[in-house]
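Chain by chain, the residues run as shown.
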Amino acid sequence: MWSVMRAAGGLVLVMTMMTGVAYPLTVTGVAQAVFPWQAGGSLLERDGVPVGSALIGQAFSQPGYFHGRPSLAGTGYDAASSGASNLAPSSAALMAAIDQRAAALRQENPEAPHDVPVDLVTASASGLDPHISPAAALWQVNRVARARGASPEAVRALVMAHVEGRALGFLGEPVVNVLRLNQALDQMQPR
Amino acid sequence: MDANGLLTIVVFCALVLALTPLLGRYMTAVFDGQVKGLGWLERPIYRLCGTSADEEQHWSRYALSLLAFSAVGMLLLYALQRLQGGLPWNPAGLAAVAPDLAFNTAASFVTNTNWQSYGGETTLSYLTQMAGMTVQNFVSAATGIAVAIALIRGFARHSARTVGNFTVDVTRAVLYLLLPLCVVGALALVALGVPQNLSAYTSVTTLEGAQQLIAQGPVASQMMIKHLGTNGGGFFNVNAAHPFENPSALTNLIHMVAIFAIGAGLTNTFGRMVGSQRQGWMILTAMTILFGLSLAVALGAEVQGHPLLAAHGIDQLASPWQSGGFLEGKEVRFGVVTSVLFSIVTTAASCGAVIAMHDSLLPLAGMMPLLNMMLGEVIIGGVGAGLYGMMLFVLLAVFIAGLMVGRTPEYLGKKIEGRDMTLALLAILAFPLCIFGLGSIAMVWGQGAIQDAGPHGLSELVYAYVSATANNGSAFAGFSANTLLHNILLGLAMLAGRFMVIIPLLAIAGAMAARKTIPPSAGTFPTDGGLFVVLLIMVVLVIGGLTFFPLLALGPLAEHLTLAAGTLF
Chain A
1 MWSVMRAAGG
11 LVLVMTMMTG
21 VAYPLTVTGV
31 AQAVFPWQAG
41 GSLLERDGVP
51 VGSALIGQAF
61 SQPGYFHGRP
71 SLAGTGYDAA
81 SSGASNLAPS
91 SAALMAAIDQ
101 RAAALRQENP
111 EAPHDVPVDL
121 VTASASGLDP
131 HISPAAALWQ
141 VNRVARARGA
151 SPEAVRALVM
161 AHVEGRALGF
171 LGEPVVNVLR
181 LNQALDQMQP
191 R
Chain B
192 MDANGLLTIV
202 VFCALVLALT
212 PLLGRYMTAV
222 FDGQVKGLGW
232 LERPIYRLCG
242 TSADEEQHWS
252 RYALSLLAFS
262 AVGMLLLYAL
272 QRLQGGLPWN
282 PAGLAAVAPD
292 LAFNTAASFV
302 TNTNWQSYGG
312 ETTLSYLTQM
322 AGMTVQNFVS
332 AATGIAVAIA
342 LIRGFARHSA
352 RTVGNFTVDV
362 TRAVLYLLLP
372 LCVVGALALV
382 ALGVPQNLSA
392 YTSVTTLEGA
402 QQLIAQGPVA
412 SQMMIKHLGT
422 NGGGFFNVNA
432 AHPFENPSAL
442 TNLIHMVAIF
452 AIGAGLTNTF
462 GRMVGSQRQG
472 WMILTAMTIL
482 FGLSLAVALG
492 AEVQGHPLLA
502 AHGIDQLASP
512 WQSGGFLEGK
522 EVRFGVVTSV
532 LFSIVTTAAS
542 CGAVIAMHDS
552 LLPLAGMMPL
562 LNMMLGEVII
572 GGVGAGLYGM
582 MLFVLLAVFI
592 AGLMVGRTPE
602 YLGKKIEGRD
612 MTLALLAILA
622 FPLCIFGLGS
632 IAMVWGQGAI
642 QDAGPHGLSE
652 LVYAYVSATA
662 NNGSAFAGFS
672 ANTLLHNILL
682 GLAMLAGRFM
692 VIIPLLAIAG
702 AMAARKTIPP
712 SAGTFPTDGG
722 LFVVLLIMVV
732 LVIGGLTFFP
742 LLALGPLAEH
752 LTLAAGTLF
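Keeping their order, the protein sequence lines are chains A and B.
Residue numbers for the first sequence follow this note's numbering, so the first one is 1 and each next one is one higher.
Residue numbers for the second sequence follow this note's numbering, so the first one is 192 and each next one is one higher.
Read the hints as simulated data drawn from the structure, not as lab findings.
Treat the hints with care, since some could be wrong.
[To be verified] Quick list of the computed label-pair ranges, beta carbon to beta carbon:
no.: 1; chain 1: B; residue 1: W636; chain 2: A; residue 2: L13; range: 39 to 45 Å
no.: 2; chain 1: A; residue 1: L13; chain 2: B; residue 2: A644; range: 19 to 25 Å
no.: 3; chain 1: A; residue 1: G149; chain 2: B; residue 2: A644; range: 47 to 53 Å
no.: 4; chain 1: A; residue 1: P36; chain 2: B; residue 2: A755; range: 50 to 56 Å
Every residue gets a Cβ at the ideal spot worked out from N, C-alpha and C, and that includes glycine.
Chain A on its own, in the form it takes in the complex (with noise of 0.2 Å):
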């Protein structure tokens, strides 16, 4: 029974510097080195300060902003807690927060298309979704320039030119990223 003990204890203590503290290192070391950009988290500056970072999605409610997914991350786009509502597809709560969402859409966009985007009244599974559809940025467009007295047509290509298609040509989908859409958005035309 000792012997046991021992190579259990042992091979604990062997695999706990090996993969719990030199795999780390190891990786880390090399990440900061070669990937430092990446490694960090994929900050955004402005003017050399971090406005956040290209992963991760922030809150945007003013008009003259594209807006993100609805987030169920802490109090909304909490990055240090991410979360999803979990509802079932049959939940009545679930689609009573789906109704409000697109009246509240519909509201603020009255010069769009009465059928809403569906990744603009559901919340994402991470709670920190950088992306929107490109369909659910077009949806904005209209109320976004006017938002910012620019004309919708250049606020339409700039949309376009944000769009990111699938890797490698079929993987996963087009998407716009929304704070990147709303960086070269302040920079094409400041408020």
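Given the coordinates of chain A, work out where chain B should sit on it, guided by the hints.
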């Protein structure tokens, strides 16, 4: 579903199939002791553990070593969580984890389940994540591989007393297989955007002037082993749906291939070690057919979208500008097809990572992950666990075939005897015992954890207990499992679901190794042909399906029918 979705599935399957013989050959060499490049590192490890590479163990000794190793690992993990408040690498200043949650989490990671009653970024320090979680991610996976290898040796050897050396098998699995693949994979993930640092959480001022605190950490190193080892425990609360864990469809493809790679490769290792690769390919064929069926049903349900949304003025039609579909609990970059594909992969294997919230999948799409786990996760399955779990059904299939033709059943030249079948059934019974037994207790005293009303509420509770027993770890996460009762019951389910299967299987391995090999005769039922594949699939479906069908009927099937009729709860 469009051509892009189909191509994604085809490319994914092709990558896994291409890797199978490569990894299969490599693992055969590793566990036969022919890969020696790190011998200088191996020898002192074995000396410290009081063993050597040549020392072999009887199955009972092998099992005892496994249990002792798991027990010590579990104690250490428990201690780390309880003491993290006073230990270094805790920049967020997180306090000690509560005892019942720490027990649940320790059981969860030692059994390769990675059920998470907690949210990573709000509960665990970097030290606990690295020295606790990451370590168990490696060694619980290595343990699963070791058991599979011991079982294969049982079939491959004859008139032998031993099945290998546990310490040596685990060490080699980590040194030669898991660590190298993880270092390369983790760096690839960083290149594609996954963070890897030990800095404090980053505070930024957003474009609208609000403060946002961005949680980070050594994410990439944990991501790679979490998927390669089919562990599934996320760095963050929402697991691989978090854009830092899984920033793009490309990282997602790496994750999915990593989940299946070793499990699929082991079927080839099995074939090689028993002297007929065809035997391995037949098992993989049965697995692939079950995978295809499962994926087809789930996709068929989810791509149609939510039956009630259109009437509410919501546009969920697929177009070049949106994936469409019901996107509650899904990420835009993955859309419907990739999300469903991942949900099937993660539950076919015993991974349990998620990129979409399974709780919000449409009823029939949510049913398939549940069914995959109920079948015992034998579709590729957990690393090692998938193969040894499938072996139970293989023995059962061979036994039934033997009964039908009235001859003593045999497999790979070994006669299957009454004692083997008793042991196999004992292992198979662990599932209904935990799911119905512990699940019933939870149903009576733990209903408060259920979030949704109606049939979906039943699905939530059942999913938790199936996931724990099957050592999967994914959840219908609306279920608030972090209560004293559920933490303890689910912890027990995970331990029973792991060790009640492993111990009988090692006993079978020992019995097979000791037995003589007999040459095939005219009455031998061939196990390397299509007939066997069909029989095996039927056995898997009948055992899993019939045992648990009532739960499916009262949960997801009832929800599907009522939702189609327009009923909300």
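Checked hints:
{"no.": "1", "hint": "W636(B) to L13(A): 39 to 45 Å", "verdict": "40 Å, holds"}
{"no.": "2", "hint": "L13(A) to A644(B): 19 to 25 Å", "verdict": "50 Å, violated"}
{"no.": "3", "hint": "G149(A) to A644(B): 47 to 53 Å", "verdict": "48 Å, holds"}
{"no.": "4", "hint": "P36(A) to A755(B): 50 to 56 Å", "verdict": "52 Å, holds"}
Violated hints amount to a single one, hint 2; each of the other numbered hints is respected by the structure.
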